[in-house]
Each structure stands twice: as C-alpha cells, then as structure tokens.
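Generate the whole structure from the sequences, applying the supplied hints.
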Amino acid sequence: MTSRIMLPAMSRRALLGTSAAAAALGMPAILRAQAAPVKLGILQPITGALAQDGELGRFGATTAIEEINAAGGIKSLGGAKIEMVFADARSNPEAATQEVERLQSEGVAAIVGGFASPICLAASQAAARYNLAYVVDVGVTDAIITRGLTNTFRFAPGLAIVTKTAIDNLLALNDSNGKPARTVVLVHEDGLFGAGLAKLMQTELPKNGFEILETIPHPTPSRDMSNVALRIRALKPDLVIPSSYYGEFVLLARTMQQQRIRPKGIYSVLNGAASNFRFVKEFPEAANGVMDCNHWADPRKPATAELRKKADAAGLAWAYNIPLNYSCVKLVADALERAGSKDREKVIAALASSNFAGHIMPYGETRFVNGQNQGAQPVNLQVQGNDIKVIFPVAFADAKPRFPFKA
Amino acid sequence: MNYPPAIIAEAAVNGLLTGSVYALVALGLTLVYGVLHIINFAHGVLLTCAMFAVWGLVTFTGISPYAAILPLAAVFFGLGYLLQRYLIGPASHGDDGNILLITLGLSIAIENALLAAFHGDTRNIPGDFGFEVAPVGPMMISQPKMIAFAASLIVALLLWLLLARTDTGRAIRAVAKEKLGAGLMGVSVGHIFGITFGLGCACLAVAACLLIPSFYVNPRVGNAFVLVAFTIVVLGGMGSVPGALCGGLFIGMVESLGGLFLGDSLGQLGIFVIFILVLLFRPAGLFGARA
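If you read the protein sequences in the order shown, they are chains A and B.
Position one of the first sequence corresponds to residue 1 (the numbering used here), numbered consecutively onward.
Position one of the second sequence corresponds to residue 1001 (the numbering used here), numbered consecutively onward.
These aren't lab readings, by the way, just hints derived from the structure by calculation.
Note that the structure is predicted; figures quoted are calculated from it, not measured.
Backbone N, C-alpha and C define an ideal beta-carbon position, used for all residues, glycine too.
If a hint is listed, it holds; no wrong ones were tucked in.
What the simulated footprint calls covered on chain A by chain B, stretch by stretch (three residues with Cβ under 8 Å from a Cβ of chain B suffice, anywhere in the stretch; the number is not a length):
(1) 214-224
(2) 227-236
(3) 258-266
Some chain A residues near chain B, calculated using beta-carbon distances under 7 Å:
(4) Ala-51
(5) Asp-190
(6) Gly-247
Distance ranges between label pairs, derived from CB positions:
(7) A:Lys-406 x B:Pro-1138: 16 to 26 Å
(8) A:Asp-168 x B:Gly-1105: 48 to 58 Å
(9) B:Leu-1157 x A:Lys-164: 51 to 61 Å
(10) A:Pro-219 x B:Ala-1134: 24 to 34 Å
(11) B:Ala-1116 x A:Ala-70: 29 to 39 Å
(12) A:Glu-101 x B:Leu-1104: 21 to 31 Å
(13) A:Gln-98 x B:Asp-1095: 33 to 43 Å
(14) B:Arg-1282 x A:Lys-406: 48 to 58 Å
(15) A:Gly-358 x B:Leu-1070: 54 to 64 Å
(16) B:Ala-1012 x A:Arg-182: 30 to 40 Å
Below, the structure is given as structure tokens:
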C-alpha cells in the first residue's frame, strides 16, 4: 500500500521540479525584452456578501491599469507595465489577511482596495508588517487612519468628514425649504460602518435641532425588514436616515413602499444602494426620491463620462466603487512614477508627498496628512426620475433637491 | 418602547405568515428524520438549489413563480428519490453515521458548485412581485406572504393525508416504526427511503417558489433557513408533521415579536433561547413521542 501511494507523489514532485526549473530558465529570457513589469495588488471581495461591490471595484482598477499600460506604463521605470495581481477578500477580514500574505509573497509594489471597513483595517495592518503601501479605496471607519500606520493611505473621505458634510447639507436642505423635518429615525447595519455612523449622528443631530426618535440596528444579512418598517410606521418620523449595505437597504426600501410608509425624506448616508444604478433600475418606485450623501465621481471631468461608458459597455451598474478604484490605481501609478523605483520606502514616501490631481473625484489636489486625503469630500445625491442626480454641492449639482419628496 | 396594539398585531401576523414557510422547510427535515432517522445536512443547500431553479425559471421563461410550484416539486421529488436511492443510501453501507457525513459532504460540494456557477451575488426575480399588499383592517399584509401561508397549510394537509390515508403513507409509517419488520412484510425499504427523501425535497421546492417573490437568492441563502428549521423540528418533536407546522408558526411569531421589541440584531435570540429551553425541559418536543 505505502509504496503505491508514494510512487505517484514522488513523480509529481519530480514533475514540479522540472517545470519550476524550466520556468526559472525561461522567465528571464522573456522579461529581458522590456522593463520588468510592476506588480500591483488589487484586493476586493468578489465572493460572499459583498461580491457585488467587489466586482465594481475590480472593474475600476482593471480599467485604470489598462489605460496606464496603453499610455506607455511607468516611464521613470523604463516604461514598465503594471501587472495586476488580483486577490479575493471573500467578504471577510481573515480571508483578506491571508490574501495580503499571498500578495506579499508575489512581490507586489503596493495594494489597492478592501472596500468594507473591517477588511481595510485587517488588510492594511497585515501589509504594514512588510512596510507595503496600502491604499484604501472605500473603508470609511476612521480607525483606519488613526492607528499611526505609515503604509496606509485613504484617498476617499472617512466617517467624520462624511457625517459632517451630511449634516451640514441636511441643515442647508431643511432650512432652505422652510424646516419641514424635525424628527428622525436612524436605521443602521450593526457592523463597524453602520454602528459608527449612527453613533456620530446621535451626538451631532440633536445639537442641530433634530430629535432622534429611535435608533434601529439590524444584522447583515437580514431575512426580513417588516419589523423595521413597522417601527418606522409607529414612530412616524419626518426623516429616515439609513446606513446599510446593498441587500438590506433594498429590502427596507421595498418594505417601506409596500407598507405605504412615506416620510418627508429618506436621507441616507454612505448607503450601499441609494447611489447604485442597479437599485434604481430594478426597483424604480422604491428608489425614487431617496437622497444619499456618498462618494461620487466628478461629473464635470471628461474622464468620468468615458469610464461610465466603459462600465455600461461591460454591463455594470455605475456606482462609486468604479471611479474610486480607478482613481486610487492612478494615484499609485503617479507615486511609482515619481518614486522611480519599486522600493517600498520610496513608494510610501511618494504617496505621502502626493499632490496627484489626475483623478476623477471632486477632491482637487491630493494632500495626505497622517494618511488621510485632506481634500476628499462626499456629495449629495437624489434619485429623480430613474436617474441619480447630484444635488449638493451647488458648484456641480445637476438637479435641484426635491424636499419634502412627493411621489 | 410602547407600540400601539395594531402594530404588535401586525408584527404577529407577519411572523405567522413567515413562520408558515419556515414550517414547510422544517416539514421536509422532520419527515426525513422521522423515517430515515438521519439529520439531513444537505437540506439547506437543496433549498438554495430549488431557489436558484425558480429564479432561473422565472427570469428566463417569464412564468410566474406560483406556476412553477407543481413542475418544480415533481422534479425535486425525482431528484430527492434518486439522490437517496442511488447516492446517499448505497454510500452509507447501512451506517447512520456515514449518512451524516455524506449529506454534509454533499452540502459543501453543492454550495461551492453554486458559488462557482453564480458567484456570491445576490439576485432577485425581476418585476414588482414582492410589492403587492392587501389592506386587512388597519394592516398592510404582503400578498406573497398570504399566498405562502395558504400554500404551506395545503402542503402540510396533503402530506398528512398521504401519510394517514394512502398505502404509500402506511408503508412510510411502517418503515419509520420498524424497518426490519416492514421489510419482512414485503415493503421495499430502499424504495420507501427514496420516496421519503423525495417528499422532503418536494417540500423545499414548494418553499422556494413561495419565498422567491419576496426574498433574494445567493449560494448561501439556504443556511439562514435551515438553522431555524432545526429549531422548529426540535420544538415540534422530531418526525412530527403537526409539530413542524405548529413549531414553524410559533417560531415565526417569536422571531417577529422579538425583532419588534428587541431590535433585529437581538430578536433572533428568542429562537435559540427556545431551542435550549426545549432541549432542557421537553427534549421530545411538543408533539414528539417519548424517546
């Protein structure tokens, strides 16, 4: 028995050895033809609960890499092409950490992505052990940039900035329409992002004259939103402020529509669905009128329209993940260009001193302080007539807010 | 937090309606346990398969999910029969411990095959199926849930009639009570095992058709239901059809009212507190025969 099992194992090892030797001999010959490519780790959850967001992020990153390579690669590295090493974060921090180990062993120059806050926290920390630059695409929890990790950079705004903007804009919206809203119900997913946001809202909203009737947490995934809807119906708030991922918010909006619950406004903050065209397309009635304070690409920049056209051609619903990952990859490419090296210290230094402006977000010139991009800010959006319109800031709004909303 | 009685009543009704579908999932589980004396770990993933089947049928042929009930139940009956007769049965070599492992292995294999085929994405059927509501007094009751409730009761009744009034039912009960004796009386035990497993799968197919209008499907969706179904089976008594029905309705109410008063994160707690209490104080369940 033993020998029968051993024999194939031995031959398999022998075969592996031969092919490895062949690869070692063959590889340099191929690579010598042009500058060695720079490997860039793209980490996104493409399986599990967050798969939909991960796919969008991956598309943004892939498109940016294609464009950079088509334009001649990294010139300071002799026109080196960027080679994507993709990693699936499988919607949980443990898997993300394992994947960072793999990306490290494959020798990537930096990692971009993560999407969810827990994934970004764990993955950037794992990358910090190897002094490997990590650019967070979305993860909004402020703990991501307050841990003193020098390798971690967040291009997009965090919870504190988003909440402040959301409240400022809500006040402006309410005041300019004769203050129709006073009472609020907060609905949030009970993870890092939703709970963190609800906590900020609970301290900030009462200071500005709003009364919070109740804060309703719910798990992700949820089977049913009937109870949340019933509680909202009993409380009769002027405003509902939800912060949830895609599936749960869609379920809530559908249930509220079904139960004929029509508050004066649904003002969501960083919502997974309200700024997603798939929701608008699949459930136009439930989506109509929903407002959201969220990441969004700058519609004034021509590259935004081009990217959106590519996303449409690929059959993907336009959402903020695409322009954010697109911009983050270009940010890293710019840093590599200025560093003129794949050396990790130099890449991190180049990111830290970045003044990159070739992105498509409404942020202005990039400037990192302790890893946070200072110019980053969210915008306010509203679903109007099967489209997602920018209603704040006025500088590039393409529609006027409809508040209180009447269907 | 004080709620007006109308809201509490509506939450209770919602719970009853949702509970009826839980009961249907639990019926399949309890039937297989009662006759084959095995816990079918593949139950959740078979529900997921059925949900994907309905989703595919509705999305690509445009038929109503309710029209899919009969054909899909027939297909899943056949599938279940073949699965038990030609895979689970022979591979177990007569050892119940092996069956546990085989169904567990099956669930892992099928779940990952679904993940490979459909990715982790969450899908809905197109259209406004889930939105229809019927005003009942001051309440707004979701139509798909009312249909699900009625259909679940009909399936439970049919199943009970089949077990109580037909020859096949008698044979199933005989095999459940005394496998060897039934075999000696000329009942083909392997055939009856297959039929029972098939009936369990047919229940899942019906449950899937009833769930899909107001729910979504992804490769892991079945697990969410099967944990609840296990609690119902334990509560109602292993192998009891009326037990599964009453248990399902009760658990649905507990979940809904728990969610209303404690919030959706904590509301789930009620289900598992009941699970532990039943195990401690009435291990045979409400309708179960004494072990």
